[in-house]
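Colleague: Use these hints to put chain B onto chain A, whose structure you have.
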Amino acid sequence: MRLLAGLGLIGLLLLFVWERVDIVRVGYHVERLKTRKIVLQREQDELRVKVSALTAPDRLARTATEKLGMVPPQPGQVILVNATDAVPAPGEPPLPEVRMAKSERYWKKP
Amino acid sequence: MTGADPFRGRRIVLAVLLMAGFAVVLGRLVHLQVLQAAELSVKADRQHQKSVTVEGNRGAIYDRRGKVLAMNMEVPSVFGVPASLENPSGTARDLARVLRVRADEIEKKLRQERNFVWIARKVDPEQGRRLERLSLEGIGTVMEGRRFYPKGPLLSHVLGFAGMDGQGLEGVERRYEPYLRGEKRNIVLQRDALGRTVFPKGLTEQGPSSGHNLTLTIDEIIQYIAEKELDDAVTAAQAKGGVVIVMEPKTGAVLAMAMTPRFDPNAVRGLVPDRWRNRVVTDAYEPGSTMKIFLAAAALEERAMKPTSMIYAENGQMTVAGTVIHDHDKSKWITFAQAIQRSSNVAAAKTAMVLGEERLFRYLRAFGFGERTEIDLPGEVAGLVKEPREWGRRTLASVAMGQEIGVTALQLATAVSAVANGGWLMRPYVVSEVRDGSGQLIAQVTPQVRRRPITAETAQTLGTILEGAVTAGTGSKAAVAGYRVAGKTGTAQKIDPETGAYSPALSVASFAGYVPAEDPRLTIVVIIDEPQGDAWGGVVAAPVFRRIAEQALPYLGVSSQDPIKLALAERAGIGMAP
Chain A
4 MRLLAGLGLI GLLLLFVWER VDIVRVGYHV ERLKTRKIVL QREQDELRVK VSALTAPDRL
64 ARTATEKLGM VPPQPGQVIL VNATDAVPAP GEPPLPEVRM AKSERYWKKP
Chain B
29 MTGADPFRGR RIVLAVLLMA GFAVVLGRLV HLQVLQAAEL SVKADRQHQK SVTVEGNRGA
89 IYDRRGKVLA MNMEVPSVFG VPASLENPSG TARDLARVLR VRADEIEKKL RQERNFVWIA
149 RKVDPEQGRR LERLSLEGIG TVMEGRRFYP KGPLLSHVLG FAGMDGQGLE GVERRYEPYL
209 RGEKRNIVLQ RDALGRTVFP KGLTEQGPSS GHNLTLTIDE IIQYIAEKEL DDAVTAAQAK
269 GGVVIVMEPK TGAVLAMAMT PRFDPNAVRG LVPDRWRNRV VTDAYEPGST MKIFLAAAAL
329 EERAMKPTSM IYAENGQMTV AGTVIHDHDK SKWITFAQAI QRSSNVAAAK TAMVLGEERL
389 FRYLRAFGFG ERTEIDLPGE VAGLVKEPRE WGRRTLASVA MGQEIGVTAL QLATAVSAVA
449 NGGWLMRPYV VSEVRDGSGQ LIAQVTPQVR RRPITAETAQ TLGTILEGAV TAGTGSKAAV
509 AGYRVAGKTG TAQKIDPETG AYSPALSVAS FAGYVPAEDP RLTIVVIIDE PQGDAWGGVV
569 AAPVFRRIAE QALPYLGVSS QDPIKLALAE RAGIGMAP
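For the record, the sequence lines run as chains A and B.
One point on numbering: in the numbering used here, the residue at position 62 of the first sequence is 65, and numbering is uninterrupted.
One point on numbering: in the numbering used here, the residue at position 241 of the second sequence is 269, and numbering is uninterrupted.
Below 30 Å or equal to it, Euclidean Cα-Cα: the simulated DSS-like pairs (lysine-lysine) are:
| id | chain 1 | residue 1 | chain 2 | residue 2 |
| --- | --- | --- | --- | --- |
| 1 | A | K53 | A | K70 |
| 2 | B | K150 | A | K40 |
| 3 | B | K150 | A | K37 |
| 4 | B | K522 | B | K414 |
| 5 | B | K150 | B | K137 |
| 6 | B | K95 | B | K256 |
| 7 | B | K522 | B | K360 |
| 8 | B | K95 | A | K40 |
| 9 | A | K40 | B | K212 |
| 10 | B | K256 | A | K70 |
| 11 | B | K71 | B | K212 |
| 12 | B | K358 | B | K505 |
| 13 | A | K53 | B | K95 |
| 14 | B | K256 | A | K53 |
| 15 | B | K150 | A | K53 |
| 16 | B | K71 | A | K37 |
| 17 | B | K414 | B | K268 |
| 18 | A | K70 | B | K95 |
| 19 | B | K505 | B | K360 |
| 20 | B | K95 | A | K37 |
Computed Cβ-Cβ distance ranges for the label pairs, DEER-style:
| id | chain 1 | residue 1 | chain 2 | residue 2 | range |
| --- | --- | --- | --- | --- | --- |
| 21 | B | V145 | A | Q47 | 29 to 37 Å |
| 22 | B | T351 | A | T66 | 53 to 61 Å |
| 23 | B | E485 | A | Q44 | 57 to 65 Å |
| 24 | A | H32 | B | S69 | 24 to 32 Å |
Honestly, the hints are just simulated from the structure, not real lab data.
The beta-carbon is built from N, C-alpha and C at its ideal position, and this holds for glycine as well.
With the rest of the complex left out, here is chain A (with noise of 0.2 Å):
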């Protein structure tokens, strides 16, 4: 029984030891991760940037006409048939969400 007890001790302990142990190395991978994640995060905003930077509209002007030989389209060769907007059309002032302006002070009409 003694024994038992003793064993069932040690082995606390031990159990106490090896989460001790464990966190720290847990705590080193978690910021050895953390490190690559930043890492990774730096290169995305780099490559974003250089993306952007690439498909500047000037650049690509650029590069179309003076390296690729294209031009411009001239008035009447794009023909929009039925065009659907690419973007929503406005909506007609006032709009339900639109709202007024306080200062009335120079309007007053007669």
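Modeller: Just chain B, lined up with the frame of chain A:
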């Protein structure tokens, strides 16, 4: 056995010594654990924990279609530890090759008797990687946030820029600073014996949140078209500069705000503040004949004039308060509509006299002149519209021609939009949405009506007159094949700062209009400052309007009136009346 213990004395001495020793240890223990507990606990925390202030990334700025216009990126800043350098001149030479800075300047820094010197702040990531590969002794890097504007000078006056410390200093960057700025938070980290970070003190502790992202109403493509056409016109006319505004008349959303000359917000060091001033909102100018749009609106709304009302144009010359007013055309009897379309100053002065000072002033203010448009950009001025009691004998006629009044380009665009959309004066805006880092909507801007200066009927009548100004008047070069255009030219003499009088050589040429006239999608205002040669608004500014509209309308999917017929006519080289 007597029982006498020969070692008893020694044992007692040993016991006393041991007890004394234990007492000392116990005393020290009590001293450390009880008396000095608080102080030592703080000291231990200081050694095991590291407190750092971390700032979240500044939010990004996108155009209306989600294209990146400004964003933050962490880049290396290079520092040196002069004390640990053996060969400062050799290190300076290596650094100079990578950083493209003069070697002697770097060497000067490295020879300072200091423990730490900045060599270059916020350099390009590629330069940082090259430095890392070199692994120079006594040289290190730390990462810092740097603002990037990938499109360079595109939209520079609207975006503004952020300073070295990441604070917005101009434009949208400044106006929306509270939204864009990342959160600052103090984080406590646990350190091991080697000083490495193990994990934050609280495992649930979150890093600081980044700033909010802004979506603009600006369209990158329309902005590019506007800037390119403006640049070409300014160069061709050898002008001092110019501005263009493209606006959705029904909402007040600004699609493009172009200025020449521009600047690169990535490299503002050394530039004078005048270079980055957004002149669309900060500069008021005398608009000239574009002001006749609002004179006509007032006259029609007040029923002081009808399009068919006859006005005697005095053969193109009339004296008002001792000053002679001239017309470009020498007309006699003309209709009110023709007076606007031909831009008759004499007829405009007579119309203003019929309206009277009070009514004209009231309509000018109703159209938003003399007050800020309340656009979400910093530095806006109200312009100048004097109260009638301050008007001189000639002022009524002058204001009718767009003189003795100061308006901003934005006020003009907003007021023209009011005519285009049936009479509603909208609040212009450049930011449509604010979202947090995870994409959650924080704020959304909805179109806002400020007031209604004219009725829909007046707006429609005026629109017909302004269409005539393009088909048969001074604005013929603004005509866009296949679309109905309404607009008005303006040519205003500038005051010579040396003489204080109107200069015969300096002028501002402008065109303000909207398209398609029957269902306006775009209001476009073009202003060219001090063009040389044939400096009329109809010659210099109207073609810019046409070229922008020709490209922007198909891009927005706005079909022409008769696309097939137009295309066939163009192909046959016949051309088509607009």
